[in-house]
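Number of protein chains: 2
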Amino acid sequence: MKKYVYGFGGGKAEGRADMKDILGGKGANLAEMSNLGIPVPAGFTISTEMCDVYYKNNRNYPPELDKGIRDAMTQVEQIMGAKFGDPVNPLLVSVRSGARASMPGMMDTVLNLGLNDETVQGIIKKTNNERFGWDSYRRFVQMYGDVVLEMKPEKKEDEDPFEVIMHAMKKKRGVKSDAELNAADLKELTGEFKKLIKEKKGADFPTDPWKQLWGAINAVFGSWMNQRAITYRKLNAIPDEWGTAVSCQSMVYGNMGDDCATGVAFTRNPSTGEHAFYGEYLINAQGEDVVAGTRTPQQVTIAGSKNWAVASSIDEATRAKKYPSLEESMPAAYKSLVDIYTKLENHYKDMQDIEFTIQQSKLWMLQTRSGKRTAEASVRIAVEMVNEKMISKDTAILRVKPSDLDQLLHPVFDPKAKKNVICKGLPASPGAASGRVVFHAEDAEAWTEKKEKVILVRIETSPEDIGGMNVAQGILTARGGMTSHAAVVARGMGKCCVAGCGELVINYNKKQMEVGTNVVKEGDWISLNGSTGEVMLGQVATMNPELSGNFGTLMKWADETRQLDVRTNADTPKDAEVARKFGAQGIGLTRTEHMFFEGDRIKAMREMILADDTAGRKKALEKLLVHQTNDFYGIFKAMAGYPVTIRTLDPPLHEFVPNEEKNQAEMAREMGIPVEKIRAKVESLHEFNPMLGHRGCRLGITYPEITEMQARAIFEAACKLTKEGVVVYPEVMIPLIGTIEELKIEKANVYRVAEETIEKYGVKGKLKYMIGTMIEIPRAAIIADQIATEAQFFSFGTNDLTQMTFGYSRDDAGRFLPIYLEKKVLKVDPFQSIDQEGVGLLMKWGIDRGRATRPDLKVGICGEHGGESESVMFCHKIGMDYVSCSPYRVPIARLAAAHAALKYRADREDALKKQNHAPIKAKASEA
Amino acid sequence: MKKYVYGFGGGKAEGRADMKDILGGKGANLAEMSNLGIPVPAGFTISTEMCDVYYKNNRNYPPELDKGIRDAMTQVEQIMGAKFGDPVNPLLVSVRSGARASMPGMMDTVLNLGLNDETVQGIIKKTNNERFGWDSYRRFVQMYGDVVLEMKPEKKEDEDPFEVIMHAMKKKRGVKSDAELNAADLKELTGEFKKLIKEKKGADFPTDPWKQLWGAINAVFGSWMNQRAITYRKLNAIPDEWGTAVSCQSMVYGNMGDDCATGVAFTRNPSTGEHAFYGEYLINAQGEDVVAGTRTPQQVTIAGSKNWAVASSIDEATRAKKYPSLEESMPAAYKSLVDIYTKLENHYKDMQDIEFTIQQSKLWMLQTRSGKRTAEASVRIAVEMVNEKMISKDTAILRVKPSDLDQLLHPVFDPKAKKNVICKGLPASPGAASGRVVFHAEDAEAWTEKKEKVILVRIETSPEDIGGMNVAQGILTARGGMTSHAAVVARGMGKCCVAGCGELVINYNKKQMEVGTNVVKEGDWISLNGSTGEVMLGQVATMNPELSGNFGTLMKWADETRQLDVRTNADTPKDAEVARKFGAQGIGLTRTEHMFFEGDRIKAMREMILADDTAGRKKALEKLLVHQTNDFYGIFKAMAGYPVTIRTLDPPLHEFVPNEEKNQAEMAREMGIPVEKIRAKVESLHEFNPMLGHRGCRLGITYPEITEMQARAIFEAACKLTKEGVVVYPEVMIPLIGTIEELKIEKANVYRVAEETIEKYGVKGKLKYMIGTMIEIPRAAIIADQIATEAQFFSFGTNDLTQMTFGYSRDDAGRFLPIYLEKKVLKVDPFQSIDQEGVGLLMKWGIDRGRATRPDLKVGICGEHGGESESVMFCHKIGMDYVSCSPYRVPIARLAAAHAALKYRADREDALKKQNHAPIKAKASEA
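Just so you know, the protein sequences line up as chains A and B, in that order. Everything in the first sequence is counted per my numbering, starting at 1 for the first residue and increasing by one. Everything in the second sequence is counted per my numbering, starting at 1 for the first residue and increasing by one.
Accuracy of the hints is not assured; some may be wrong.
Derived DEER-like restraints, expressed as beta-carbon distance ranges [unchecked claim]:
| hint | chain 1 | residue 1 | chain 2 | residue 2 | range |
| --- | --- | --- | --- | --- | --- |
| 1 | B | Y508 | A | K155 | 58 to 68 angstroms |
| 2 | B | M770 | A | E150 | 36 to 46 angstroms |
| 3 | A | I819 | B | L902 | 42 to 52 angstroms |
| 4 | B | A852 | A | M225 | 22 to 32 angstroms |
These stretches of chain B come out as covered by chain A in the derived footprint (C-beta under 8 angstroms, 3 or more residues) [as the list claims (entries may be wrong)]:
| hint | region |
| --- | --- |
| 5 | 732-746 |
| 6 | 775-782 |
| 7 | 802-810 |
| 8 | 815-821 |
Okay, derived cross-link-like pairs now, DMTMM-like style, lysine to aspartate or glutamate, Cα gap no bigger than 25 angstroms in a straight line [to be verified]:
| hint | chain 1 | residue 1 | chain 2 | residue 2 |
| --- | --- | --- | --- | --- |
| 9 | A | K877 | B | E708 |
| 10 | B | K662 | A | E661 |
| 11 | A | K510 | B | E683 |
| 12 | B | K827 | A | D785 |
| 13 | B | K681 | B | E708 |
| 14 | B | K914 | A | E837 |
| 15 | B | K681 | A | E661 |
Note that these hints are calculated values from the structure, not bench results. All figures in this text were calculated on a predicted structure; none of them were measured in a lab. Positions of the beta carbon are idealized from the N, C-alpha and C atoms, including for glycine.
Using the sequences plus the hints, can you model the full thing?
Okay, here's the thing in structure tokens:
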């Protein structure tokens, strides 16, 4: 006969933690604790298999279930020393659902089951608490009526029918809260509730506890097919066949008197990770009371209690009297608790978050699970548990969520500081910043020169603002998403940014912004939290977290494990140095366009754009050549020994000319040409969809002299350094390739200049370099086999690839992306995490086809996704050689790569084998 | 011993027409004519295989070649009755290259080979024409010096060295043209040429004819590997191994005296297709003279001659005396020519373009090939040849180039009219139009009401201009490409349009435009040729070509042959009617947005856009519902019996609000709201890349009430008609789908409304409908297997799919696409013809994956490509069910589909088999 009911309690259980498939998560964990000999209120679990049988049988149970439940209940009665339905010593139970996967809020729960007019008297006598008895009964009838008998309001907008009665009672008694009702009131309420049920359902409220139990079991199994659950499963791809289990467990109470208590605790400090037991409890209380904040919770340990008293300015005598620790108030229960938490942590080998209830001096454990913790705690606990030989290094790596590291890499607000939040935007680049508001990039620069800290506030930023962004403490924009110009540049700079804050109404003329009724003028102080998106009035104190030794240890382990190299996106020697400190193994993307904005350069750039012919352009480019050569020299030097990928000019030319009339006039004056000429040029450069316009290699094809100048700068710098004995590996990357001919033309241009320069410096054979391409146009991925005939490496530009594959402009998607995420049209923002089924398929196709042509093709990613964990893991799986991300995300990528190596080693090896890509790197290596 | 030399002439040949691979095109055709017993100057061809041997042998010939050539030359001498190198009766030859594929201009030719100081005397004596002899000799030395001895100018910019000598001679003699030099001058020149060669090359000019011949053969084989030829082959994917043949043929002359003549003729009239011999000739002339226009050519036939005289106002006596036909002047030769052309046409079974020379009364044929013809002639000849039982219907279909039909479907300018072309733009929509210039859509409408014909001239058009475009004779824009708004809408309307005319400088304020020095003011007449892109001053007379009976016959045959259905893109009942006349089998795309611009509708639309909440939007939509229902009613009725695909709202909302301040003010006045509100709304709707913005289904997801209104209009109209007994098949098409969830949401909305409405009208089971999607976002094609779970049909929107797959904005690509085409980065404009390797691969993937999910998935195309022949053939091959195009392109698509069925039947069947798509349609059927 098939087993459908699994008992637990009394130091043993028929199930185990690894039986989640048939017992559900809750049932399996309760069984596991029982097996460990930990006092858990006894109960039993009806398996998920029964759920399947139930539905296959047209909502009928096989006859053996009844016997299984009665046998299990007898066991429970024996363990708990009470009897289900007994009027003198009644056993009360809870009935809960529990599926294999967590489905929060999907199905309901029934508590205090087993109460009726007789058993309530038993409870009252047993607890010597009449109000407790009637309140429990009243709650049970209400909950059962709602969950099992489906007593719903007649119209959606009506109030819950039980609450209507409750209100009337409170009104009658002239009281405000439920707590002010006395035992008699509650008894009366119970009667009225039952009367209402009879009226509506035409049948008496079931007084037979067994009938109550079957009703609850039916309700839980039935809830598996309610609309809410079906939708949830659909959205989360949970198969209908999995089914839910039903757990039925004896009730215990922490609110029966002063020998009762309830509390929650962590086996280590969840905030710092310190190896110290930490928890809070309340005497004569229910679980909700601890978290609700209506009473001040007391500390579990003496040490914790003393620390708390100091922080709360409470003297020791008062503390010991009014707020004793559990260690002091119930030493025996405390001792049991210590034994149990130690056992649980050793068993689960992780910091546990536990819930306990002490009923009449007896300790009961209600839950254990891995505890939530801060990033700092997460790193410390993982590393210390390895040192304690509790877990392996691999486990330690997997214990820390890569994205959590973000918290450790940026300044944060002092959590104790007061905050006046006026609005919230997108948390576009983490960190904390305070400064005085300015509305123009030039003002930001001017104020900074006067030693003022500023926050640059713009409707949106453009490359013209780069100087101001660079000096500002933080950036705030009213428009644009997580991948808007402001967001991308800020993340690259490791600078705090709140973007797309739609509530801001910015008036550049008045130099002020309005948020609701708040008016913030130029010069006013504000603070930004780039990790939450909060915008606050005034100055909020910040602190700079130290990267602890544990962090370094964990990263070392990650580096020993990962198979992907991690590079950085860096446009300046400073960025390169920061990234190197964070562990970058080279540069995956140097954007050259930012270099054209500083000082004289922008003038030369504009001269080039305004030139009427090739000769004019060449003359202007000569001026830029000097600057670019110096830029590259600095970057190569900062990244000595590592590869440096440099992308040739990418943005459309109109980004380099001023759009505003005032600036056009100024430019005309500076260049000594009529403003009409400038206006006409700006007008002629206008594009309807600049994203899909005249940029990237399209510029290089139309103006080969630009590519030529850039190639010359790269190789002049590289050759000079080579002569000086510095090892450099330039990788020239052509952007926006869509056809093989584009790459041929651009490559030939770069190759010619490279060979000429190498010849000129006599460093032939000493300077290795590569010429490759971005894969960011869908067509390039599609014809990757052709592209690989010319490209020596591919770097996936997943920002643009995502834009074009989805047809989303990242600058405009703010209009509908939030709605799409809310309506679950998209599960994740594809600009944050690679869309694996769509964009990812193109990437996989591109790599497979590219390596079919060129098995040793080097492949990386330089889109923003290179610093996002799920995306890094995907890159690992499909066989990339490296990921590249902004400097501050390098540690995240390193850790994510290590996770990937531990979780998806086989996937990667399969992919590489299929691609004939050899050798398969065992671990990440330098360069 | 392998045969390398193939003789021809004297009524026989060793080669045949089907031996192009080894004899090249020219050699094979000369052999074929010889075999037919047609008098061809005898000669021989050295095979392409020798070219391969030559290169494999390090540019050496096998010994047997010499013997082969000498034997062949002996044959030629016997046939021609002259001897190579003989001083008394010399045989002169030409040496030419000829590859398997035509490679025009790739390699050079040497004429008059065999001349030296002795043989020139033989020629002079034989022709009794000293000047002819020395001129031939002079030309030979010059040509041989250039082609074989590579006498190039020392610097690129210098003049040809022989021309320098020639100039000096003319100066010395005080004459202007070569023709004024006499025999003695030419003799002197020959000597100077030879002297120069000796000076530069250090060796005498070769006087031995055999040495000359080997030199020429080397030069031709050598030219196969010159840079020009290599590049040409690369661009046209011609393998190096194919090699070139060398044809050596005896010279004949039409300029030896009055018993000589030369001419060209067509076996049927190339302009009208009339079955009548038609040609021109000149007595005592060379081939160049006929085409050069220096002398008035005479007609070959008497009938032709008389017609010509009438048209040229020449009386019969003058004609007969001064311009007799060949039929009159050389009746014997004429008779031979008639026999030969008849034989050739019967042999090649196509209208032939022939070249002939009469040397001393003897007729020689120099060339025959299929003749170029107008579209009208092409159709007539094909149909008549079937009637004459000369060719099959299949052959007739293949003889007419689908794109040529375009010429037959639009008004054209009278070819005899005078034209004053001031500039040229893109031939965006064919046809001819004259009208008075207006610069604003409202003006176009106002003037038209006053019965004025207008040409609407805009920098670019927008949907706001639709009314003006509709009434204008033609549209001219300064910006935008072949798929710009103006171009697409104009083609849809079958209206003439010249787009992207960059030379126009339009000044809306002054109401004038400048083109170079021409200033055209409002009200001035201009004319547009939409087939050439020409813009002309003044009025040019147009004519409306009749669709002849032959056209109808050919289209009937095409319909019997093709397997693809052809639908039309139509937004109005009028368009639908036109397209039906052109043979459309339904509507593949109805754009609903154009319907929102007329009269009151735009007001309701704007009211909807300005509404602050759903209730406000619904109120405005109610007004639109009435209009849309009527629109659909009309369209369904016009297409009764055929499917009609209706696309829900696609463009971004900002296209419906005015951008100009003046219009905003007017709108504010009309709607009675503050202009600030309108300005703010317009501002908030602004997008950086509208192409990738908030449009298509993204609107429907954010504002479900819009989709709902449209669905209601569609089904109200369809149900009404169904009740009236009219058969309608609505197909609702959701645009811009990129994820399966979008389609689910939109489909559910449409489905609910459809079922409600069908229920309401009681037409359940009587009205069949489908809900499907555009595939225009790359991601939709990538996840087509998912999309097909919901979509009942796919319609490829290849305009947008091309934009996103390439990352080209069609509105901006004018900046670089022309350069890309010029530099051969792209072989064809991907907006004109589907990019088969990139976009096409996505399409193929999409169909294959879609039908893997849903084998009966209906698939079509509604992008502009649906009316372009190569694209239609591609759609056939990959297994589509139908193509849809603008009404005026329907016949083109029908014919292209027939071509595809004849050429690529197996490809299609393979594709369909792979897709499990059944039944495989044998022929195109109705609905």
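Hint-by-hint comparison with the structure:
1. Y508(B) / K155(A): 58 to 68 angstroms: Check passed, 60 angstroms falls within 58 to 68 angstroms.
2. M770(B) / E150(A): 36 to 46 angstroms: holds, 40 angstroms
3. I819(A) / L902(B): 42 to 52 angstroms: holds, 50 angstroms
4. A852(B) / M225(A): 22 to 32 angstroms: holds, 31 angstroms
5. 732-746: holds (count 6)
6. 775-782: holds (count 5)
7. 802-810: holds (count 7)
8. 815-821: Answer holds; 4 residues pass the 8 angstroms Cβ test.
9. K877(A) / E708(B): Distance ~43 angstroms between K877(A) and E708(B) Cα, so the pair is violated.
10. K662(B) / E661(A): holds, 21 angstroms
11. K510(A) / E683(B): Between K510(A) and E683(B) the Cα gap is close to 19 angstroms, so the pair holds against 25 angstroms.
12. K827(B) / D785(A): holds, 19 angstroms
13. K681(B) / E708(B): holds, 23 angstroms
14. K914(B) / E837(A): holds, 23 angstroms
15. K681(B) / E661(A): At roughly 24 angstroms apart (the allowed maximum being 25 angstroms), E661(A) and K681(B) satisfy the hint.
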